[in-house]
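One letter stands for each residue in the lines below.
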Amino acid sequence: MTSAHVHATVPATTPNQVPVYRKWLDYFTFNPDHKVIGIQYLVTSFIFYFMGGTMATAMRTELATPSPDFVTPEVYNSLLTLHGTVMIFLWIIPAGAGLANYLIPLMIGAQDMAFPKLNALAFWMIPPAGLMLIASFFLEAPQAGWTSYPPLSLVTGKVGEGIWIMSLLILGTSSILGAINFLITILKMRVPSMGLHDMPLFCWAMLAVAALVLIGTPVLAGALILLAFDLLAGTAFFNPTGGGNPIVYQHMFWFYSHPAVYIMILPLFGAISDILPVHARKPIFGYRAIAYSSLAISFLGLIVWAHHMFTSGTPAWLRMFFMIATMVIAVPTGIKIFGWIATIWGGKIQLNSAMLFAIGFISMFVIGGISGVMVASVPFDLHVHDTYFIVAHLHYVLFGGSVFGLYAAIYHWYPKITGRMLNETVGIFHFILTFIGMNLTFMPMHELGLLGMNRRIALYDPRFTDLNLVCTVGSYILAFSTLPFLLNAVASWFLGTPAGDNPWRALTLEWMTTSPPPIENFEIIPVLTTSPYDYGVSTHNSAGDGSVFSPEPVLSDDSSVTLQPEPDSVVADNTTDRQVESYAVASLIVDRQPENRADEPAVESSVPNGSSSSLQVESEPAGAINFDDR
Amino acid sequence: MQISTTDPVKTLVEHHSAVETTASAHDMEHPDYRLLGIMVFLFAEGMIFLGLFAAYLTFRAVTPDWFSDESTKLELLLPGINTTILVASSFVIHQADIAIKKNDVAGLRTWFLATALMGLTFLAGQLYEYSHLEFGLTTNLFASTFYVLTGFHGLHVTFGLILIAAVWWRSRKPNHYSSEHHFGVEAAELYWHFVDVVWIILFVLLYIL
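Residue numbers (this note's numbering), protein chains in the order written: chain A, 1 to 630; chain B, 1 to 209.
Since the hints were derived computationally from the structure, they do not count as laboratory data.
Warning: the hint list may mix true and false statements.
[Stated by the list, open to error] Derived lysine-lysine pairs resembling DSS-like cross-links, with alpha carbons at most 30 angstroms apart:
no., chain 1, residue 1, chain 2, residue 2
1, A, K188, B, K101
2, A, K117, A, K23
3, B, K173, B, K102
4, B, K173, A, K117
5, A, K117, A, K188
6, A, K117, B, K101
7, B, K173, B, K101
8, A, K188, B, K102
Generate coordinates for the entire structure from the input sequences, incorporating the hints supplied.
If you want it as structure tokens, here you go:
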């Protein structure tokens with residue numbers, strides 16, 4: 001192909017759409033718009049993140065010295081209980097739900113979620129539940145840790161424990177209602193041209209998360225109901241002094257709470273799968289492998305819960321099953337990791353803040369994943385159970401994994417959500433601080449655990465002092481690192497560079513509308529003409545400079561050639577030249593001047609005549625998009 | 001993803017065929033997924049009961065004097081009658097569904113009223129049983145699980161009755177439900193069947209095993 005016959009133009013993606021900025025008051029109302037709800041989730045969970053972070057900083061201050069000189073051991077216990085609960089149930093899980101709320105309908109071309117009011121209801125359960133939990137700190141704070149194991153939880157901080165149970169029941173209900181929405185929206189609300197295998201990988205991940213929430217969370221609710229009876233009505237389900245069995249609680253608790261770690265990490269797995277190809281300008285490596293591994297993780301995650309209970313008198317044969325099943329999870333997770341590395345391998349990597357956090361996510365998660373395989377092994381776990389090794393492992397997975405992933409997602413989608421870019425310099429500064437702070441805080445904990453330092457204790461042997469001081473310094477850096485992010489996020493919302501519709505030149509549907517999107521997302525139902533990760537694939541730029549795998553897909557400044565909300569008018573009006581026109585798609589790169597749109601015919605006759613008959617054969621429905629998946 | 005097959009020709013052809021099929025879908029309301037939503041919700045509800053059943057069976061298996069304790073014997077006659085009533089009510093409420101599909105609102109109201117009365121009878125029987133049992137909530141582990149499980153189920157029966165009453169109240173307006181639009185009827189019916197199935201499992205576990 002030469003440039004001689006190229007006169008077609010790129011249609012404007014969003015012909016009649018203008019960005020819609022909401023009134024600030026809308027974010028304080030019961031609003032059914034999924035984009036409002038997504039922002040409500042994200043901002044609310046971030047506020048709780050700061051609360052949980054403050055608690056963590058207070059705990060690290062206490063742990064700077066071996067003796068309890070900053071807070072009393074009782075206050076320390078309630079700090080660690082609330083820190084764990086807040087970070088899990090009020091930060092990472094709702095933040096993931098917030099991302100899903102904002103992105104799923106946009107990614108699948110829907111106007112909203114399947115049940116918008118239910119969606120708003122699910123969100124509005126979170127603030128009261130969170131405030132209840134925080135308030136319990138000032139009444140009679142729960143002190144039994146985020147796991148709330150009986151009989152400890154039945155004898156310490158009873159008022160706070162009751163509030164803790166109530167709060168978790170509300171948060172669990174909210175989570176279930178959210179999952180119903182995600183599941184049905186993803187399965188039923190996709191644009192007609194989008195099969196399951198044309199979905200962005202984030203949607204696959206949320207499908208797996210929804211399944212886990214629907215299966216796991218109700219069982220936790222059952223456990224909490226029984227625990228509440230023990231606490232308030234004097235029954236003895238989990239109280240050995242009344243003939244009950246605390247191990248049953250542990251089983252029911254972990255039946256939810258182990259899947260919960262996948263509920264916390266899978267949305268970010270999905271987000272990373274969407275972020276990496278965009279900033280590496282390459283297609284995702286192994287789309288189906290990454291998609292199905294989410295489902296595999298989801299399934300395996302349901303049958304490994306007792307690896308949290310290797311020291312709870314679990315019989316040896318049962319421990320063996322759970323050990324092997326746990327190690328097997330490393331396989332689908334490894335598939336993802338290798339898929340991501342292969343994706344960025346040889347790509348034209350743009351090291352912006354989103355990409356830095358995404359790469360940081362992979363590297364930190366690998367460390368957490370490997371220590372996870374270590375603690376999956378029964379003989380090793382018996383030694384490090386309830387030591388700082390576990391604390392190190394879980395923070396590498398939840399902070400190095402989930403929080404890095406959330407930051408990556410926020411840097412990546414902030415332009416879409418607000419219509420403005422975040423400041424890159426501050427973003428990179430934020431990444432460096434977070435990366436150093438995270439490793440300084442949690443890396444020494446591996447050593448502390450191997451040396452035998454117990455977790456959840458305010459006092460410790462003076463021989464652990466030096467390493468603990470390193471952790472504390474690291475935690476201060478980590479605490480400080482959120483400030484540049486906060487300033488960046490708030491200032492950029494008002495003062496940032498306008499982002500345009502598609503600042504990253506991405507191919508997924510959420511970028512094919514305005515930033516921020518209009519109320520029902522798309523004025524015209526979008527039509528999918530390519531898979532979501534075709535960056536630099538020969539299809540779209542085989543012509544022109546002749547490079548088949550140029551990492552730059554063909555895009556106009558603000559819109560995509562390949563994903564169009566309406567057919568190219570030139571093509572639609574002229575049915576006779578359709579086969580010929582098709583060649584021009586590849587040629588659009590060369591000439592993108594809008595004034596050529598009116599020029600007819602779009603394609604000169606340099607296309608050989610004989611080609612049209614063979615093109616007819618080629619254009620059987622077995623083509624680019626799998627309709628049969630629906 | 002079939003990246004290798006995405007050549008420009010196919011892409012464009014797909015593009016156009018898709019446009020033709022979606023043009024009519026523009027600005028349309030999406031289909032009604034509420035019943036599907038109820039089903040997914042009931043699945044989650046079922047998981048709560050499954051968790052509680054599993055806890056009950058574990059307690060049963062690991063508590064040494066579970067079977068030797070004679071203080072928590074249960075009668076079978078009254079609960080048996082109660083079970084029959086509840087199971088029968090599932091068939092009764094289905095008659096309402098058949099009626100409304102024939103646009104028979106009067107039939108719907110009659111059958112719903114009958115179901116509600118049967119549900120109330122069940123609850124009354126349950127309360128009668130509670131008041132005549134010789135053990136209380138904290139007598140032993142079986143007593144606790146018995147009261148919590150049946151009580152939690154009773155709560156669901158109560159909620160089902162509220163749903164039925166709501167549909168019955170709304171159906172007083174002649175055109176509120178029709179053979180085409182009767183999501184409320186189907187939702188209440190589905191919920192009632194769920195409560196019924198849970199009771200059958202519960203009855204087998206608590207009274208028969």
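Taking the hints in turn, this is what the structure says about them:
The suggested pairing of A/K188 with B/K101 holds, with an alpha-carbon distance near 25 angstroms, which does not exceed 30 angstroms. Under the criterion of a C-alpha separation no larger than 30 angstroms, the hint pairing A/K117 with A/K23 is consistent with the structure, at around 19 angstroms. The hinted pair formed by B/K173 and B/K102 meets the criterion: a straight-line CA distance of about 17 angstroms does not exceed 30 angstroms. Using a Cα cut-off of 30 angstroms, the hinted pair B/K173 and A/K117 holds, with the two alpha carbons roughly 25 angstroms apart.
Of the pairs offered as hints, the one joining A/K117 and A/K188 holds, with about 17 angstroms between alpha carbons and a cut-off of 30 angstroms not exceeded. For the suggested pair A/K117 and B/K101, the alpha carbons sit about 28 angstroms apart, so the restraint of at most 30 angstroms is met. Between B/K173 and B/K101, the direct Cα distance comes to roughly 17 angstroms. Compliance with the 30 angstroms bound is thereby established for this hinted pair. At roughly 29 angstroms between alpha-carbon atoms, A/K188 and B/K102 fall within 30 angstroms of each other, so this suggested pair holds.
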